[in-house]
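Use the sequences and the hints to build the structure in full.
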Amino acid sequence: MDILHSLSHVPPWVFFVVPVVILLVAILGKGSPWNIGRTHYVREPTLFSATEWAFLRALDEVVGGRYRVFAKVRMADLMNPDNRNKVGNKAWWRAFTQISSKHTDFVLVDLRTGEIVAAIELDDKSHQRRDRSTRDAFVDRAFKESGIPFIRYPAKGRGGYKVHEIRTRLDTALGHT
Numbered sequence: 003m004d005i006l007h008s009l010s011h012v013p014p015w016v017f018f019v020v021p022v023v024i025l026l027v028a029i030l031g032k033g034s035p036w037n038i039g040r041t042h043y044v045r046e047p048t049l050f051s052a053t054e055w056a057f058l059r060a061l062d063e064v065v066g067g068r069y070r071v072f073a074k075v076r077m078a079d080l081m082n083p084d085n086r087n088k089v090g091n092k093a094w095w096r097a098f099t100q101i102s103s104k105h106t107d108f109v110l111v112d113l114r115t116g117e118i119v120a121a122i123e124l125d126d127k128s129h130q131r132r133d134r135s136t137r138d139a140f141v142d143r144a145f146k147e148s149g150i151p152f153i154r155y156p157a158k159g160r161g162g163y164k165v166h167e168i169r170t171r172l173d174t175a176l177g178h179t
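Reading the sequence shown from the start, the letters are residues 3 to 179 in the working numbering.
A hint or two may mislead.
[As the list claims (entries may be wrong)] Keeping only pairs whose Cα atoms sit at most 35 Å apart, straight-line, the calculated DSBU-like set for lysine-lysine is:
1) 127 - 164
2) 92 - 74
3) 74 - 146
4) 127 - 104
No lab work stands behind these hints, which were simulated from the structure alone.
These numbers were taken from a predicted model, which means no experiment stands behind them.
Next comes the structure, spelled out in structure tokens:
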């Protein structure tokens, strides 16, 4: 009874305004197509930078019919934390999170078997930054521990890649020399 008595003192317009405000919040709220503050997405003009595209074209020529080249592959698709850490364990998830948010530029996969053969990273000027060198050290260690050959190749710009240089570097890394 006390609630009904206290509601009798509320101006009648409140009973109209409050539901309208709640309805507007629901309509304009997060996830609504009418949400004014929502994030918009725009198309990237290309998947690769000019440097990456130039390297990929040269790499495709080098690997020919032996390997398929995949690009921008998440490290967690190439390796996982050691199972001895028990999936679900906080340490396992922390280790998985570190690799799930990192990508490598190119991955070579054997055309016959689907086996991961090697990963390749183009090192541009950004790899000289202190924060990037810490990331690079982690990535180097993860690939070494996983047993996946990891090749760092200096970024050279659009026309700076020589097919024979890439072939030599790749053959050396894979033990084909």
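These are the hints, each one checked on the structure:
no., hint, verdict
1, 127 - 164, "holds (20 Å)"
2, 92 - 74, "holds (27 Å)"
3, 74 - 146, "holds (19 Å)"
4, 127 - 104, "holds (18 Å)"
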